[in-house]
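**Student:** From first to last, the protein sequence lines stand for chains A and B.
According to full-length UniProt numbering, the residues represented by the first sequence are 1 to 230, in order.
According to full-length UniProt numbering, the residues represented by the second sequence are 1 to 591, in order.
Derived from the structure by calculation, the hints contain no laboratory data.
We put the CB at the ideal spot given by N, CA and C, even for glycine.
Hints may be right or wrong, so weigh each one.
When the alpha-carbon atoms are kept at most 27 Å apart in a straight line, the in silico DSSO-like pairs for lysine-lysine are as follows [as the list claims (entries may be wrong)]:
(1) LYS114/A <-> LYS205/B
(2) LYS114/A <-> LYS208/B
(3) LYS149/A <-> LYS160/A
Anything over 10 Å on all C-beta distances counts as not near chain B; from chain A, calculated [said to hold, decoys possible]:
(4) PRO16
(5) GLN21
(6) PRO31
(7) ASP163
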Amino acid sequence: MSSDDSPSTDADEEIPKHGLQGPHPDERPHPTGRRNSQGIRIDPAVEAEHHPRRAVISALVEDEPGVLSRVSGLVSRRQFNIESLTVGPTTVDGHSRLTMVVEEPDPGIDQIEKQLAKLKPVIAVGELDDDMVRTELVLLKVEGDEPDKVHAVTDMYEGKTLDAGPRTITVQLTGDEQKIDDAVDAFRQFGIIEIARTGQTALARGDQATVPGEEPGTSGEPTTPANYDD
Amino acid sequence: MSEPVPPTSEDDEADGAAEESTETGTGPTPVTTGASSVIRALENAGVEAAFGVQGGAIMPIYDALYDSDIRHVTMAHEQGAAHAADAFGVVRNEPGVCLATSGPGATNLVTGIADANMDSDGVLALTGQVPSGMVGSDAFQETDTIGVTTPITKHNYFADDSDSVGDTVGEAFALAREGRPGPTLVDLPKDVTLGETDREPGPAKTPKTTTPKTVPDDDAVAAAARAVEDAERPLLLLGGGVIKADAAEEARAFARNHGIPVVTTMPGIGSFPEDDDLCLSWAGMHGTGYANMAVTHTDVLIAVGTRFDDRLTGGIDSFAPEAEVVHIDIDPAEISKNIHADYPVIGDAGTALDALSSEVAADPDTEEWREQCLTWKEEYPMDYATPEDEPLKPQFVVECLDEATSDRAVVTSGVGQHQMWAAQYWTFTEPRTWVSSHGLGTMGYGLPSAIGARLAAEDDQEVVCVDGDGSFLMTIQELSVAVREELDITVAVLNNEYIGMVRQWQDAFFEGRHMAAEYNWCPEFDKLAEAFGARGWRVDDYDEVADAVEEALAYDGPSVVDFHIDPRENVYPMVASGGANGKFALTEDQL
Ligand SMILES: Cc1ncc(C[n+]2csc(CCOP(=O)(O)OP(=O)(O)O)c2C)c(N)n1
Ligand SMILES: [Mg+2]
Chain A
1 MSSDDSPSTD
11 ADEEIPKHGL
21 QGPHPDERPH
31 PTGRRNSQGI
41 RIDPAVEAEH
51 HPRRAVISAL
61 VEDEPGVLSR
71 VSGLVSRRQF
81 NIESLTVGPT
91 TVDGHSRLTM
101 VVEEPDPGID
111 QIEKQLAKLK
121 PVIAVGELDD
131 DMVRTELVLL
141 KVEGDEPDKV
151 HAVTDMYEGK
161 TLDAGPRTIT
171 VQLTGDEQKI
181 DDAVDAFRQF
191 GIIEIARTGQ
201 TALARGDQAT
211 VPGEEPGTSG
221 EPTTPANYDD
Chain B
1 MSEPVPPTSE
11 DDEADGAAEE
21 STETGTGPTP
31 VTTGASSVIR
41 ALENAGVEAA
51 FGVQGGAIMP
61 IYDALYDSDI
71 RHVTMAHEQG
81 AAHAADAFGV
91 VRNEPGVCLA
101 TSGPGATNLV
111 TGIADANMDS
121 DGVLALTGQV
131 PSGMVGSDAF
141 QETDTIGVTT
151 PITKHNYFAD
161 DSDSVGDTVG
171 EAFALAREGR
181 PGPTLVDLPK
191 DVTLGETDRE
201 PGPAKTPKTT
211 TPKTVPDDDA
221 VAAAARAVED
231 AERPLLLLGG
241 GVIKADAAEE
251 ARAFARNHGI
261 PVVTTMPGIG
271 SFPEDDDLCL
281 SWAGMHGTGY
291 ANMAVTHTDV
301 LIAVGTRFDD
311 RLTGGIDSFA
321 PEAEVVHIDI
331 DPAEISKNIH
341 ADYPVIGDAG
351 TALDALSSEV
361 AADPDTEEWR
371 EQCLTWKEEY
381 PMDYATPEDE
391 PLKPQFVVEC
401 LDEATSDRAV
411 VTSGVGQHQM
421 WAAQYWTFTE
431 PRTWVSSHGL
441 GTMGYGLPSA
451 IGARLAAEDD
461 QEVVCVDGDG
471 SFLMTIQELS
481 VAVREELDIT
491 VAVLNNEYIG
501 MVRQWQDAFF
511 EGRHMAAEYN
521 WCPEFDKLAE
531 AFGARGWRVD
541 DYDEVADAVE
551 EALAYDGPSV
561 VDFHIDPREN
571 VYPMVASGGA
581 NGKFALTEDQ
591 L
């Protein structure tokens, strides 16, 4: 096959005592192409640097024991970066909706959705569009020294006072993440003692389905993807 | 040395009786308890064999097996039961079944379940559990088996009802097989299995939430076909999924009809005949030089049923760096997980390959490329030296075993250098004849998997376990099972008295500091075999190999040949971890 003047590829070259014969790695042709860490060919047409972004993923799940631990186990063992996870019942007995806020590059978001979809109790999964309706609830316990000011700030953020004692005041606030973050900042002046946040929960806007295939239902009617026969 | 234990007449009778009962048919197990409905569900699913170890919490299940036609093999260790079930499943292409009691029985299964999970092998594990009322109280032999096995199963079930436990087991079996196979587990509290019921399990149904997409989208196939048509250096990469999907025929037809060279992954070994001119054997860390050259230089890689494991890809940046990737897989989550797919095709491997094949209107012109692949085959031959002043070479032993056995012989292995030599130097031509631990790399897989493979294979298929001395020692106790069950298997130990693969890495990357890699004493495996009641041989020289192989294969029962091989022999080619496939080393100084 090879020419005689190329000893390293000579067919009857002596086989090394340990190892195999053939051209040395440096003598082989090597392509100049490359892939990035996401396995994408570095080709101007395909190249896309994926930066982490925040996404809200909603999943309809069968409400069986352990479903939450399956989901959280999946997230931790695959090192997905999640900010929050909420879960609660739907209008269908035995079905729950799970809302997850994640911070990942596009391929990571894609993986989370696909890996979630593989879990047996998961009926359907989807990422919500940016125009989704979303909210979070936070409980704030602050020092009770300046009740009037606390009530004023609570009103400003359309919050509610749940408990007002001689030493502490506890208020409830709801809203999107930005509003909650702003409110928390505003309450700092009173001295925040404790805080509890639920993480975001969300639905698709208007008559869009929150999870692909899910039929928007009115109260009491099933919200089950059409292809899922019970 | 004592003679091998001849089959006793008692055993013969027992065997005969069992066969007779199968012929006349004792019929399906009548359902009176949760346990009998479990066994009935297994019978309904066509389960012929189960591997396990008895124990308190699983006793009701075993009691129900007493009258069943299902052949139960008592293993020496539950890890062996899981591996045997796994291998049974690989050879039969249907889930294997293993049983264990609660607590230590279940935790002993864990390595085998994790192994099956990594290799997408269908396995159904049934574990006993303490009675429901005691769960959570740290009762005797209680372990949170569901918690422990959740990350390593496709799904697991905690049975909570005697009436429905049969259906649950049926579903778990069906799920283990469905789509991309994998292990499932049903945890069976003792009160549930003991509880009375007369409800017969219905036909095994898969869960309604898991239905895989088997028929690929036309658009996806068309786009992939255009890429194939335009290719100059197309390459078909066949993974283990091709074998699981029973798509070896479709893969062969595709490659031959369109003149496309083929490489396989390690689990894909056997999907394409390695003696075919189009086949470049397997790629990856210890794959052939020519397979790795082809992967490095292809411009359209058609990957089927593979998850692009890092042992295959080497460094992601240099994997098939110039190739557009067509990725056919039944599991959407594998698409673009490790390697970006330019043309994803989700579906069953056979269906998708057929669809793609008919969609390719004009075959790519691959003549030059095929020539190039053949040239690489000549440039990087898998020829090894056999210097007279050095001990027996393991590659030679593997080739002798291959020569002495039929094309359909089943080869199992442990994990280490011997595994690589077996995969490299055995010429595989049929699917489901290479049974190994790929993804998890479990030492000790070889012997119990040979036992499972023996029960699954046809009588005319030899079963050979190519083992390492270290791997053999991890599950050697299963020899007692092979002797008791009179299983015709041959264990070929490639004995280097080393944790050889580790020693090779120490030489290459740790300045030859052989920490905990050397056995300064190793048992005499031939004598150990005889002590178990098997036959044993010891081989030190080239001129003894052929006779020992012949005798061991001819012996109708478990045989062990202890081949004392060159302890300094290394596995090549080798791609360093994370390195470029195209820069495989052929000798140590190239690493
Ligand atoms: C259960 C387990 N423990 C440890 C390892 C790490 N390991 C990989 S190969 C190897 C050496 C195997 O020795 P042996 O079976 O004699 O095979 P050889 O490499 O010598 O052929 C070890 C310890 C493993 N793969 N599995
Ligand atoms: Mg060894």
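**Student:** Give a verdict on every hint.
**Tutor:** To see whether the hints hold, each was checked on the structure:
no.	hint	result
1	LYS114/A <-> LYS205/B	23 Å, holds
2	LYS114/A <-> LYS208/B	17 Å, holds
3	LYS149/A <-> LYS160/A	14 Å, holds
4	PRO16	5 Å, violated
5	GLN21	7 Å, violated
6	PRO31	5 Å, violated
7	ASP163	35 Å, holds
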